[in-house]
Amino acid sequence: MADKLAMVVFSGTADRLFPVGVLTSGAVAMGMDVEIFLTFWGLQAFSKKAQGAPPKFSTDYADMAPMFAQVLKEKNVPSPVETLRKAKELGNVKVYACTMTMDLLGQKKEDFIDLVDATAGVGEFMDKARDANVTLFI
Amino acid sequence: MADKLAMVVFSGTADRLFPVGVLTSGAVAMGMDVEIFLTFWGLQAFSKKAQGAPPKFSTDYADMAPMFAQVLKEKNVPSPVETLRKAKELGNVKVYACTMTMDLLGQKKEDFIDLVDATAGVGEFMDKARDANVTLFI
Amino acid sequence: MADKLAMVVFSGTADRLFPVGVLTSGAVAMGMDVEIFLTFWGLQAFSKKAQGAPPKFSTDYADMAPMFAQVLKEKNVPSPVETLRKAKELGNVKVYACTMTMDLLGQKKEDFIDLVDATAGVGEFMDKARDANVTLFI
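Residue numbers (our numbering), protein chains in the order written: chain V, 1 to 138; chain C, 1 to 138; chain E, 1 to 138.
Please keep in mind that the hints were generated in silico from the structure rather than gathered at the bench. Where hints are given, some of them may not hold.
Which copy? The list can't say, so a pair holds if one copy fits it or any two copies do.
Dumping the calculated DSSO-like pairs for lysine-lysine here, alpha-carbon to alpha-carbon at most 27 Å [said to hold, decoys possible]:
| # | residue 1 | residue 2 |
| --- | --- | --- |
| 1 | K48 | K109 |
| 2 | K128 | K56 |
| 3 | K73 | K88 |
| 4 | K4 | K94 |
| 5 | K128 | K94 |
| 6 | K75 | K108 |
Bear in mind the structure is a predicted one, so any value in this text is a computation, not a measurement.
With the rest of the complex left out, here is chain V:
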């Protein structure tokens, strides 16, 4: 069985979503499986409605955000969604939408982009995460 990275993605700001893509890429490059549980604000960032919206950085770094945003644009840095898509082509990456968040907000699987493989309850995800080598809450 391959080593595994399991991430709970709770945050929805552009800067916090970058590491989700990058850590996934890094794990795949090392031959690891990746399982991602999208919840709360993190899940909303993967709704169809949210695509194409201008990236919103954490207010804590408002002073550095414009500089970072410009660099990302100038260097054509792929978006977290693009990075995840690429990682899925190269490795074993599964993305789950949190059923509790969906129930609360009256959302259905079709409301999210096709990067999302399936829905999962938090217990189900915990069961997948328990044998992961690296577990992170982002």
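Given chain V, put chains C and E in place with the hints provided.
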């Protein structure tokens, strides 16, 4: 020995405390033990003084917060404290208050709600976390 | 082989950097190795340029921040950098700068304080983290 989820709860905003309760519930449902280390802002949310205060969401999601707050109210979603209380009835959940934070702020164990089982130093908690299957910083 | 704590340090606010130092100290006290991957805003906090700047707390806790800042000053609480320096004297602590962030911002290893041992790609760090006992994203 049961599998274990160990969480360092540093954050104190309402939205970041929800996953603390929900992940604990999910882990207990899967037969896992849970150990929670409350520190900094996260510890303050469990002070007796903080109970009953209106939930404060992260400023990063100020645009979505009113919608979320209304949904939580309409659907009678239990608070993180209520969810943790329930999880403690059903499983093996231990909640520790960080002694360093308490020392800094001149706080005593009695300043916190009875959900807090004991105080612990960060080394002690690290010792409990080292054999956990899932470790998260929230 | 010693037990290990591996942390991805993404955040750069003063309050979120404190646990980086304190968790490292705690892990070292318990005989654990520590590996720290500085990225994004977290890496910027370890630039030479950032040293000596007044600590900036998360905006989410703006109401409690002045009180906390005063306590830290009154009690001469060592800064995260000082705590990490001390922990490095006592144990096996390695600090890596994220090459992707450095490339994006045109930074070199010399732009960071000497606490930073080396640069590393995210894949390299994932490879170090895969056998860690405790993994955290801060």
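Quick rundown of the hints versus the structure:
1. For the homomeric pair K48 and K109, the shortest alpha-carbon distance inside one copy (10 Å) is at most 27 Å, but the shortest distance between copies (40 Å) is not.
2. For the identical chains of this complex, K128 and K56 are neighbours neither inside a copy (31 Å) nor across copies (31 Å), given an alpha-carbon limit of 27 Å.
3. Taking the shortest Cα distances, K73 and K88 sit within 27 Å of each other inside one copy (23 Å), while across copies they are farther apart (38 Å).
4. For the identical chains of this complex, K4 and K94 are neighbours both inside a copy (11 Å) and across copies (23 Å), given an alpha-carbon limit of 27 Å.
5. For a Cα distance limit of 27 Å, the shortest separation of K128 from K94 qualifies both inside one copy, at 11 Å, and across copies, at 22 Å.
6. For the homomeric pair K75 and K108, the shortest alpha-carbon distance between copies (17 Å) is at most 27 Å, but the shortest distance inside one copy (35 Å) is not.
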